[in-house]
Structures are given as C-alpha cells and as structure tokens.
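J.: For reference, the chains in residue letters:
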Amino acid sequence: MSRPAVFVLASGAVTAAGTGVPALLQAATDEAWQPEVGLERPDAPPLPVAVCRGFSAREVLPPLVARRLDRPARLLAVAAREALAPLGEPLPWPRERIGVAAATWNAGTSALLEVLRAVFLASPEEAPPAQFPSTVANAPASQLGILEKLGGPNLTVAEKQAGGLRALAEAARMLERGRADAVLACGVDEADWVNAEGYDRLGALRTVGRPGMVLGEGAGVLVLAREPGPAPLAVLAGWGSAGAPAPPHRYPARPEALVDACRGALRRATLAPGDVELAVSLSNGIPALAALELESLQAVLGTHRPAAFSAADRLGEGAFSGTVRALLAAHILAGTATVAWPVPGHLAGAGFRAISGRPRTALVAAAAGGGSAVALVLTAA
Amino acid sequence: MREAWITGIGLVSALGPDRETTWRRLLAGESGIGPLTLFDPAAYRTRIAAQVDDASLRLPALPRTVERHASRASRFALSAAAEALADAALPTEQPQVWALVLGGGTAGLFEAEGFVARRLRGGPRVRGLSELIEVPQDAPSDRVAEAFGLTGPRITVTTACSSSTIAVGIAAELVTDGEVPVALTGGADALCRLTYAGFNSLRAVDTEPARPFDRRRKGLSLGEGAALLVIEEAEHARRRGARPYARVLGYGVTNDAFHRTQPEPSGTAWERTIRAALADAAVSEGDVGYINGHGTATEQNDPAECAAYRRVFRDRLAELPVSSIKGALGHCLCAAGGIEAAVAALAIARGTLPPTAGFGEADPACPVDPIPGTGRSASVRVALSSSFAFGGNSGVLVLGSCG
Numbered sequence: 001m002s003r004p005a006v007f008v009l010a011s012g013a014v015t016a017a018g019t020g021v022p023a024l025l026q027a028a029t030d031e032a033w034q035p036e037v038g039l040e041r042p043d044a045p046p047l048p049v050a051v052c053r054g055f056s057a058r059e060v061l062p063p064l065v066a067r068r069l070d071r072p073a074r075l076l077a078v079a080a081r082e083a084l085a086p087l088g089e090p091l092p093w094p095r096e097r098i099g100v101a102a103a104t105w106n107a108g109t110s111a112l113l114e115v116l117r118a119v120f121l122a123s124p125e126e127a128p129p130a131q132f133p134s135t136v137a138n139a140p141a142s143q144l145g146i147l148e149k150l151g152g153p154n155l156t157v158a159e160k161q162a163g164g165l166r167a168l169a170e171a172a173r174m175l176e177r178g179r180a181d182a183v184l185a186c187g188v189d190e191a192d193w194v195n196a197e198g199y200d201r202l203g204a205l206r207t208v209g210r211p212g213m214v215l216g217e218g219a220g221v222l223v224l225a226r227e228p229g230p231a232p233l234a235v236l237a238g239w240g241s242a243g244a245p246a247p248p249h250r251y252p253a254r255p256e257a258l259v260d261a262c263r264g265a266l267r268r269a270t271l272a273p274g275d276v277e278l279a280v281s282l283s284n285g286i287p288a289l290a291a292l293e294l295e296s297l298q299a300v301l302g303t304h305r306p307a308a309f310s311a312a313d314r315l316g317e318g319a320f321s322g323t324v325r326a327l328l329a330a331h332i333l334a335g336t337a338t339v340a341w342p343v344p345g346h347l348a349g350a351g352f353r354a355i356s357g358r359p360r361t362a363l364v365a366a367a368a369g370g371g372s373a374v375a376l377v378l379t380a381a
Numbered sequence: 001m002r003e004a005w006i007t008g009i010g011l012v013s014a015l016g017p018d019r020e021t022t023w024r025r026l027l028a029g030e031s032g033i034g035p036l037t038l039f040d041p042a043a044y045r046t047r048i049a050a051q052v053d054d055a056s057l058r059l060p061a062l063p064r065t066v067e068r069h070a071s072r073a074s075r076f077a078l079s080a081a082a083e084a085l086a087d088a089a090l091p092t093e094q095p096q097v098w099a100l101v102l103g104g105g106t107a108g109l110f111e112a113e114g115f116v117a118r119r120l121r122g123g124p125r126v127r128g129l130s131e132l133i134e135v136p137q138d139a140p141s142d143r144v145a146e147a148f149g150l151t152g153p154r155i156t157v158t159t160a161c162s163s164s165t166i167a168v169g170i171a172a173e174l175v176t177d178g179e180v181p182v183a184l185t186g187g188a189d190a191l192c193r194l195t196y197a198g199f200n201s202l203r204a205v206d207t208e209p210a211r212p213f214d215r216r217r218k219g220l221s222l223g224e225g226a227a228l229l230v231i232e233e234a235e236h237a238r239r240r241g242a243r244p245y246a247r248v249l250g251y252g253v254t255n256d257a258f259h260r261t262q263p264e265p266s267g268t269a270w271e272r273t274i275r276a277a278l279a280d281a282a283v284s285e286g287d288v289g290y291i292n293g294h295g296t297a298t299e300q301n302d303p304a305e306c307a308a309y310r311r312v313f314r315d316r317l318a319e320l321p322v323s324s325i326k327g328a329l330g331h332c333l334c335a336a337g338g339i340e341a342a343v344a345a346l347a348i349a350r351g352t353l354p355p356t357a358g359f360g361e362a363d364p365a366c367p368v369d370p371i372p373g374t375g376r377s378a379s380v381r382v383a384l385s386s387s388f389a390f391g392g393n394s395g396v397l398v399l400g401s402c403g
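First to last, the sequence lines map onto chains A and G.
Going by the working numbering, the residue at position 186 of the first sequence is 186; the numbering climbs one at a time, nothing skipped.
Going by the working numbering, the residue at position 196 of the second sequence is 196; the numbering climbs one at a time, nothing skipped.
Just so you know, these hints were derived from the structure itself, not from any lab.
Being a predicted model, the structure only gives us computed values, none of them experimental.
We treat Cβ as the ideally placed atom computed from N, Cα and C, and that holds for glycine.
Mixed in with the good hints, there may be bad ones.
As the list claims (entries may be wrong) - Here are the in silico distance ranges between beta carbons for each label pair:
1. G:L129 x A:A85: 41 to 51 Å
2. G:R350 x A:A231: 54 to 64 Å
3. A:R67 x G:R121: 39 to 49 Å
As the list claims (entries may be wrong) - Covered stretches of chain A (in silico footprint by chain G; criterion: 3 or more residues with CB under 8 Å from a CB of chain G, positions within the stretch not fixed):
4. 136 to 146
5. 267 to 279
6. 296 to 309
7. 320 to 330
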C-alpha cells in the first residue's frame, strides 16, 4: 500500500531563545549562544531550568483571552498562531477537519500545586475551581482547540522526553488514516519548581560537579498536511518506535529500542542508513543517554557518519524539545536555518561532523526514561 | 483487511479485583461506591468513592524494585495486565514486540502528594525520592512494559476522561495497520486528593452515589481501577485457537472546541464524534444494538449526551439500550473508557447488557432506556462505548461481534 506523503507546512515556537521561530533560528546561528538558566523555588537555591523569560502573549492574544489561559496554554497558543499565520485566513481546510496532536511532560504542574497548596495548607474546600481544569495534561491542547475552533481529533500524549516526536508520529498517522486534513503537532512544557525539584532529587539535573540535564520551558508547533501547499518546509517521510523495559526514571541499559525506532523510521521512509545526511542529536547532558545514542547510531549507520548537532542541551529538555528539534531539522532541510551549534562531544569523537551545505535527509530520535524510543525521518520537500 | 480481535480482558474495580467478580456484581446491579478510606475525607464536602480494595489485588511476580516502588495506579495496571494476558493465553516469559497503548491518568500522584504535603509544610530539607518516580503519566505504562518485557511501540494517551477510549482505538489501529500482531491496551487511574478536591471544587460530585440518567442526579462519584485488553490480529488469534470476545470495528475522535469543562448542550459536537466512529467502522446507525454511555450523572453531561444520541438515532433511541456503569464503578477518569470498552466487549460476547446502577426515576431530558435494575439478556452485534472528556476531547469506540 502506498502511503500518502505528509508535509511540514509551517512552524511556530516559544523557547528560551525568545518568542517566535526567528528568535530560535537567530540563536542557532550563534555557536556560543546559551540561555539564562535558573528557576526560583521557595527556601532553596534556583534549579537548572531554561525558562522563557520575558514571554508575553500580549502581542498575539487579546488580553481577555490571554487571561483565561494558564501559562502552558499561552505558550502553545502563541506558537500555534505563528504556525497558522502563513497559511492565510481562511485556512486551507475546514476547521473541524484540523486536528491537534500534542505532547507534554509537565503541563499542569503549576495548577496542580495551587490546588494541593489549598488542600494541604488551608482546606480542601478552598481548592480553586478555576485552577483544577488546568491540572489535566490535555488542557493546553484543548484550550488551543477552543481558541482556534479546531474540531478535528485532539490528542495529548505523555511520553516524557520522547513525547514531542510521538505527537508528530501520531499526527502523521491521523493524516494517513484520513482522520484530519491538517494537524498541529505540538510539544509544550512549563517551568515549575516542584517538577524540577523532583528530577533534582532523582539526580538527573545538572549541578556543579554533576553532569545532567537542564529542563526547559517552551512550545513548538509544526503544521502537517497531506497536501504540500505553496512552500512546504519538509516531508515527514517516516517514523518508528519501540520500547525497552526500564523503570520510569531510568534509561534502558541497552540501545535496542532506539535502534529499532530508527530502523523503523528509515524503513517507512524507504531510505537506507547511508541516505541520512543529518542526525539531530538527542543528547541532553546525561552521560547514560549520550552513550545510548552513540551505540544506537553506530548500530544503525554502521561506518556512515553524517552531520550532527544537539539542541536539547541548550534549550532545555522536555517533550517540547523533541518538537523543536524536528522544527530545526525541517528548517535546515528547507534552507531557512543555519545551525552553528556544535557536534556534541560523544558524537564528534566518533567522527560525526558539523553541518556543511544543505542536508536533504534528517534523522531525529528521542529516548525517554522508562525505555520508550521514537524516531522520525524528515526529507527535503 | 486485518481485523482487531479482543482476546483477553483484565479488570480491577471497586466491585472486585478481577474480570469475573466485577462482571458478576455489575450484572447483579451492585454498586462499589462507598465510604472513602484511602485518605481522610473529613474536610471534604463528599466522603464517598468507588475505591479498590488494595489487599485483594492479584499482582504478578514482580522485580523487587517494582514491587517496592510501584504506585497504586501501576499496581492496578499490572494486575489487570496479568489477568488479560492469562485470559488470552499468550506467553509472557519472553520479551514480545507487542504494542502497549494506555490511557494515562494520575499515575503516582497519590503517592507524590505525600511528598508535596511535607515539602509545602517543611521546606526543602524534607525527605522524598521514591514517591516521585511515578509522577509522569506514562509511568504505569513503563511498569507494565517492564514487568512483561514488552518491546513494541509504547503510547500513553492523556486526554482526561476519554484517554483510554482513544488508547483502545489507537491500539486497534496499530493491529489493523499491521504494525504489530498484538497490542495490550486500556488504562489505569487511582484516586488522589487532587481529583477529589478538584471535582468537589467544581461542585460536580454528588454526596450520594451517582445516579446516571436519573432525574434526581446531582453529580458524579469518583472511582478508580484499571482495564487491560489484549487486542490481537484475527489471523494471529485464529492460528493459535484463541477465543475472541469481540472486535474493534473503529473509533471516532473529535474536539468540541466549546468549553474547558462544560459540554456543548445541543449534542451537535458529540454527534460528530459518534458519526465519525460509525463511518470509521463502516456501520450504520441501524446496526447499533447497545451503547455503553459516558453517563457521568452530572446535571449537564447526561442531557447533552442523550441529545447527541437523539441526533444520531432519532426515534430509535427510545428502544436502544444505553447504560452507564459509573453508578456502579464510579467515574474512573482516565481508566473509565478502557473499563467501559471491556464491559461492552463482555456484553457482546455473553449476550447480557450491564444495568445502570443508581437509576430510579426517568428524566425527560435523558430519553434513553438505561437498563434499570439488573443485567438484561440481549444479542448485540454492534455496540458503542462513548467517552466525552474535559476540554472537549471526545472519543467513541465501535465494537462488534466476531460471529
């Protein structure tokens, strides 16, 4: 059965680099760019989180609308407005045929904390009713659906760091199955101290003397459709996924799941490992993940060494970072981005090189604590 | 054309720790809603819930770390998964490239709430580590994959009360698309203070056990539990002589784009979901013989839901059985759709429809046949299982007989 192509038409983002894709692409041209890191928490030193400082929805959303939305929903709404803008008004598809496939690792944590603060420090009857609906993880995607009157499938997935790529794969499947004409594939995360402190206690965050990840805040949106439109960024040519048994807070000891996910994505794209010209690294600063990535890429690519760069170690880790890595890959393939961020050390040491010229095929993979892995193959449109 | 057969079912509910106990008591019209004992409800407006008896759970042999740290939600999922796999008579000794698609709810939040309470009161030096491991909503999925060595795609859907309905739909799609021969699917959710206080704050909870579709209904009762279904490609099942309960014919998923918590009252939004499901399953309205409704027993949900059914089934609705098991099992939130899909599959396989526990007085706004009292014999070839969630994330499954 021939599969219908899935095109990446447009993008939007809010990251620690600023509001909008241009701010992100500008940061990517600067080899030395690093976000300001630090999230305040009560009674203790700040935690390593790359926050979207200065973010405001004011220029994009009417004040009364913005006030109704919690922060993750605002981040997502602003990114989605940017992604939808170039497609014109009216949009090329009926809004009830436009879906949303979102991922989040932690959206709703701030609202959850407000409800629990009332429960534990005042009385359960003081729990704020306006906050409770924001505690559910699907709140940002649902709010987006309400705001933009998108009546197609509205899905939110939770797969920790791999969620952003899972949302892209599920968006593509919705299109292949004809459940929607276009889908906004999204990732969104918020910066909340309780969530970050949890990962700090688990020893996963970077501190002085301890390698680890920096968590991130932000939102990314890619508009996918079955028709290319006038100026597609890229083609989502394949995706694959697999799992390896592991506890929820640990990466698996072996790379098989990542290998299977990458091979599945290449197979679906009908491409060979040697066709990969860009590997968007999943490295986030955790040594175990770097080792896992190197082993898996060596198994998938053999002696082939494409260009590589990493982003999650700068923008912060999260479900949104997978979306943003795919977004950067799409812009590189389209020739609208030049990424100067260096090849991560573990890949440079194995012969992966910096980007030169304009790659035509990109492999983007993610691995989550607990052992789930997802990979995508994007090709030039 | 591949078919997605349901060849194994595992259930954990307030009515019992397994499929047969839950089914038997459900048909008898019993309710599992009673005093909440998981935490002290004295300061809450309501004090009841459909709570699972932890001591009755039948857990599989687990690695020591899982045994020590698995949350209640994960234990529900593990117990239901073990029962479903045993019911399907599938081997579990070796790693299997099967998909795992679950609805993810509060996961380990009940356990993490203990840490949050200490942290808010005691500052950063309070102890707390193991309670935080299962905060991510996909943690029960990870635990099931870890315990049973599942190496296929692992997807956790988190769309509030429609989570596990959509999960079952996606799992069936992975099977009919030929991605995997077998998928384990459903959902698990556990009671916690957040949802208990939250639904109370919305005044959505009845102080008495829920009465779906009843004129006197005043809100839902919260519940907890799990359902895991084995969905298997039909030829794969036939080759090993497996006995199917039912098959997944298709599903519909849409967004109301209306309101965060309120249903669209005319039923037009949910009509779209139902019609999308029927179209996906390639069946007509006239084929449907039973609906396992969302039936939360809130003042607004039930009339809006019935309005949607009325739009689709018109005058036929009066004779179409529509029951809600939330009067018996409570609203199990992200596990509800999986549990209801499992019950709908059992209804098809066994020719008996579950009643709506708690129903007593008809409501003109809910003109359905809710199956009052006890289970009713009926031969059903096609059934719907509906879930309409917070944020307007709606999902409807279409199940059919394999005969």
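J.: A separate judgement is required for each hint: does it hold in the structure or not?
T.: The hints, checked one at a time:
1. G:L129 x A:A85: 41 to 51 Å: holds, 45 Å
2. G:R350 x A:A231: 54 to 64 Å: At 56 Å between Cβs, range holds.
3. A:R67 x G:R121: 39 to 49 Å: violated, 31 Å
4. 136 to 146: Held - the segment 136 to 146 of chain A has 9 residues with a Cβ nearer than 8 Å to chain G, which meets the minimum of three.
5. 267 to 279: Violated - the segment 267 to 279 of chain A has 0 residues with a Cβ nearer than 8 Å to chain G, which falls short of three.
6. 296 to 309: violated (count 0)
7. 320 to 330: violated (count 0)
Checked against the numbered hints given earlier, the structure breaks hints 3, 5, 6, 7 and satisfies all the rest.
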